[in-house]
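**Q** The primary structure of each chain is shown beneath.
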Amino acid sequence: MRRTAGLLLLFCCTVARGEIPKMGPLAQPKRADQAGLPHELTAAVTPADNPTTPDKVALGQKLFFDGRLSADGTVACATCHDPAKGFTDGKPTAVGIGKQVGHRNAPTILDALYNDTQFWDGRARTLEDQAKLPITNKIEMGMPNLDAAVASVAKVPEYQTAFQRIFGRPINGDDLARALAAYERTQVAFDSPFDRFLGGDENAMDAAARRGWATFNGRGRCMSCHGVNGTRPTFSDDKFHNIGVSAHKQNFVELARKGLQLIDSGNARAVDDAALQTDMSELGRFLVTKQAHDVGAFKTSTLRNVLVTGPYFHDGSQETLWDVLDHYNKGGVQNPFLDGGIQRLGLSEGEIDDLVAFLAALTSDSYAAIGKKELARQRALSRTKRPQRDVAAALGKKAQGAGFQGPFGDAMPPQTLRNPSTIGGR
Amino acid sequence: MAPKHKSVETRFMEARDEALRALRGLDRRSFLKVAAASAGAVLARGLLPPHAFQLVNVAYADPAQPGWSFAYISDTHLYEKKLNERFVRAVLKAVDDVNALSPQPDFVLFGGDLAQLGKPEELAMGRDILKEVKAPVKMMVGEHDWFLDLGEHWKSMFGPVNYSFDHKGVHVVVLMSVVERDFWTARKMTPLERMQTVAGLDNGTQSRFEVGEEGRAWLKGDLAKVAHTTPLLVFSHSPLYKYYRDWNFWTEDADEVQAILKPYAHVTVVHGHTHQLLSNRIGNIHFHGMLSTAWPWPYAPTGLPPLTVMMNRADPFDQFDGTGDGRVVMHADGVADKIYNLWDRNPVTVRASFLASNGARDKPMATKLVTY
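As they're listed, the protein sequences go chains A and B. Using the numbering used here, you'd call the opening residue of the first sequence number 1 and step up by one each time. Using the numbering used here, you'd call the opening residue of the second sequence number 1 and step up by one each time.
Same shape as in the complex, but just chain A (with noise of 0.2 angstroms):
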């Protein structure tokens, strides 16, 4: 019995090794001289216990790429988190082992380990605990648990005496996880435009993308979420929003208040029980705090290679740059837990398309060629399509009222651009 489980496993790896991606140039740990690379952060965001060595790094990168980490062969790493794709599978949500679809949309692995959390939901603290997680997820990699992944590794002598030379002690857990992350740590991405721009070449970035620039500060309101400073230098404030994209799906609200009641009922378990058996992922955040201001909240994710990563949001749910500046543009979508600082923005299509020139020119050097392409598909999709394009929502011509019960669901009156402050008068 169990010699036709191996020969059945080592069948279905010969069968499917073919759908893991091949390590290409671009999943080589990336240059140090970059130009905008935040040196002290790096070495700040790095663990003690586990230090960046060229050993672990490669180790990492060979384990990244390795199907044997999943049940059956088929799914590696890399599998959604092609560095061809900018670490990413260009799905809109996850598909694992057995050809099971998730519900969320595969990250980037690029500047991932700047991240406050891991995951969309930030139910990960660091990567080596996110590395865990996918390989016993089960429509993930399926791995009953940690130790047949150990298991499945530790029957290559190569494994084994790499991870006795790199950690003094037979392979576990904890170290596959620590070399996984040495490897992800290597991907940085602070090559773009963008970079250079701000190092002082102002011609470094087109005229649209600096006027996207200004209006990404500006009226765009992006900033808000999206900042980029010197200790946040992946355009990411790391905090949770619900920017009103789990309402698209029409059972939003009452899965919210199903969700909250389970949580009133002071069972919170229940919660964590019907988020693996239903479409509970929607209510993201929620799931880890257990809190209704998290309800629908995602975590901001990184602009860097924006483009390269698409498509967008954590369901995957918009194919271009400009689905996604139509969504904000017209204030998301209405739901009773939308965040505070989702606003319509009333923005113009030359400012639209501005913005995408400046998201466009935080690509990396070493994907340049690729966004290229994919911000011509991406254009010439706009010209025709634009699902989620509401121009008198944007300029507050309309009521957008939809999640609101009662007759002013449809009468929200239109916003102005006068300062409230100054209309009570002194």
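Not one of these hints is a red herring.
Think about it this way: if two alpha-carbon atoms lie no more than 30 angstroms apart in a straight line, the pair counts; the simulated DSBU-like pairs of lysine-lysine are:
#, chain 1, residue 1, chain 2, residue 2
1, A, Lys397, B, Lys119
2, A, Lys249, B, Lys131
3, A, Lys258, B, Lys134
Rather than coming from a laboratory, the hints here were simulated on the basis of the structure.
With the hints as your guide, set chain B onto chain A.
**A** Showing chain B alone in chain A's frame:
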């Protein structure tokens, strides 16, 4: 020696550490007891914020049985529709919140300042929005509703400004506390100028808020037939104590009003106007501020009651940060727990036992925004 000033963040971390220490100190048996009691005591959302480390807050293991609850929406400051949609959006959110409460509150108190400048169309819009509330709504007047026409429209829509009723053994009083002495006639102000002067928080031209002689006489008369053992619940727009004079976070005749309330065993005052987490206790009287749906005020430079658990600075980019609505759970023994339902933060429960013990027991978790 500990430093004199501790930031909100420091105090939050201290509270958390204390809770975690308590967790380590519990043996298995008492942990199970605490956990089971806590889970069982969760009657409604917000009553027990479900932090893992709050399960061990031992006071929660033995809560007085809640008798009933009411919710509030306060300080909506509605402008004419064509001027501002943000505050409309906020009150709609609050209405949605209270309608989603399960079990439903016995009533919903509106805490005053429905309108921004007391205009009929502002008041009418507020009235129409509040019609969507499923539970009965009890109205209270604020200075923003009043000083355009000295309450003419408000009273025609919502009735008298001082009134009382009995509810499940509690005597509930709604008291107008934003009377101001005439500062306008001598200055020949138009009604709108008068309103705009009052609407300026720190406009020193105006007088201080007071219940006034007439209001105090009404209160005395109303309470004349109420036994001193009956729990009192008093709603006022301004705090019925002296917090900060320059902003009218203040009632000029607070001492006289407190004297009227003094003979009663349990008095809970719930007030609007201050738009912030605010708790105080003076003798037998517990005071709770209400959140605004429109915006949070900063804390005043002086006079903050020491029992207040402050919230830290609101995120200026987030319309809903520092704002919200809330609930009050009235216990059978006449004391009240106040729940602040902050929209973009964790809820905060200020228990009666916290105020009664002068802060020694049941210290609420400080509200904290994730660090910038």
